[in-house]
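With these hints in hand, go ahead and build the complete structure from the sequences.
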Amino acid sequence: MFCKCSSSPRLCLGSAMATSDVKLLGAWASPYVMRPRIALNIKSVSYEFLEETFESKSQLLLQSNPVHKKMPVLIHADKPICESLIIVQYIDEIWTNGPSILPSDPYDRAIARFWAAYIDDKWFPSIIGITRAQGEEAKAVATAVAIEQVSAGLVVLEEAFEKCSKGKGYFGGEQIGYVDIVLGSFLGWTRMTEKMNGVKLIDEAKTPGLVGWAERFCANNAVKEVMPETEKLEEIAKMIQAKFRAPPPK
Amino acid sequence: MEEVKLLGFTLSAFSNRVTWALKLKGIPYEYVEEDLSNKSALLLQYNPVHKKIPVLVHGGKPIVESLVILEYIEETWPQNPLLPKEAYERAQARFWTKFCGGQEHEKAIKDALEVLRVLEEQALGEKKFFGGDTVGLADIAWGWMALWLGVMEEGVGEKLFEAHAFPRLHEWMENFMKVPAIKETLPERNGMLAHFKRQREKLIASSIS
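If you read the sequences in order, they're chains A and B. For the first sequence, full-length UniProt numbering assigns the number 1 to the initial residue and increments by one for each residue that follows. For the second sequence, full-length UniProt numbering assigns the number 1 to the initial residue and increments by one for each residue that follows.
Derived from the structure by calculation, the hints contain no laboratory data. Note that beta-carbon positions come from the ideal geometry of N, C-alpha and C, so glycine has one too. A portion of the hints provided could be inaccurate.
[Stated by the list, open to error] Derived SDA-like pairs: lysine to any residue, alpha-carbon spacing no greater than 25 angstroms straight-line:
id, chain 1, residue 1, chain 2, residue 2
1, B, 128, A, 86
2, A, 168, B, 62
3, A, 79, B, 117
[Unchecked claim] For each label pair, taking beta carbons as the anchor points, the in silico distance ranges come out as:
id, chain 1, residue 1, chain 2, residue 2, range
4, A, 243, B, 84, 40 to 46 angstroms
5, B, 171, A, 140, 54 to 60 angstroms
6, B, 163, A, 99, 46 to 52 angstroms
What follows is the structure, encoded as structure tokens:
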């Protein structure tokens, strides 16, 4: 329906833990789908990417995730696993030879899970708030309020970055970890929102740490090929807005 | 062993999840009941981001968010496991635990019945508990329903959740409430009923104005 990202399954680097038994149902534009892809890349696990279209859901998706009917779904040895964060934890637990995604210390793991919940439940909904505000009549005020909320959240995340990274490049330290994946998967949509609204959300003045982190994250080998291009996300966003603005059918 | 403290609220679903996990594993802890209309300095210090209970404090370090706390408890005190050992089964348990989300007793009845249908048919199946033969994370996450449904039905004055329509869930609820660690911590029913009625009155009043 619209051009798909030309992502072919990443070739196995000859490591012992690659399996041909791994499939991922998803769509290139979805931040949630990006998460298991990054995790599998970190573990050097090759997988078959089964692309869902934007308009309709495949039989396989409906069968594999009958409760929520949502992607991503990881299918490993024919067994489905749903929910992006549950999938990432599963990947971390199954492929133990690769670098760890969650920290090993239980307290550090709790901190990582806390920030993941904050990002998913509090921060990302505030970004959606900006896109929704655009579609409303009183958009100037609504947009300003929404932007303020997102910025306030980013200041909280900047502090979290400083504490978690302990001077290294990622929330996970030297390497990409759980929180990096959770927040980083939203970078495409964040940039798209910045562009469409002419604002800087992650900026040098308030969140310098995150500016550097974002660049590092997007350039990382596990991330590069699966990060969607901002322009393509803009097309989708415009389609979604058009749907919101369209008069209801008679 | 390092000291364990729980800042909670006896009528909170989220707080009870943590109490149940600690009791099931036999972990000694100090309980501090928070006055939610007048939050303590300690609570605000330990949970500056959300300012909410429950907060588990272990050796002076705070952990917040009930599901995050449950995973921490499971990893730190492995006795009487709440999660299966096998990765795929763990993923399934986490899925059903998360499915509960932030379900509170005010959620619309129609939605609640749909959710119950899924639980009855898919999550529980033939098992005694969501966790199998013993209580697991998902049981703890859903356990609140076991308490509140009875209270809600009494408070609203009608049967919302018929035993014949959800036989497995009814049996699960009875079994859950018989587990010693759960039984000894159940909040007093009249207190729960009074709380439910107050919340309901507030809701009705706010929707009229």
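Here is how each hint holds up against the structure:
1. B:128 - A:86: holds, 24 angstroms
2. A:168 - B:62: holds, 24 angstroms
3. A:79 - B:117: holds, 23 angstroms
4. A:243 - B:84: 40 to 46 angstroms: Between residue 243 of chain A and residue 84 of chain B, where Cβ atoms are some 42 angstroms apart, the hint holds.
5. B:171 - A:140: 54 to 60 angstroms: holds, 57 angstroms
6. B:163 - A:99: 46 to 52 angstroms: Holds - the Cβ-Cβ distance for residue 163 of chain B and residue 99 of chain A, about 51 angstroms, lies within 46 to 52 angstroms.
Of the hints listed earlier, there is not a single one the structure fails to meet.
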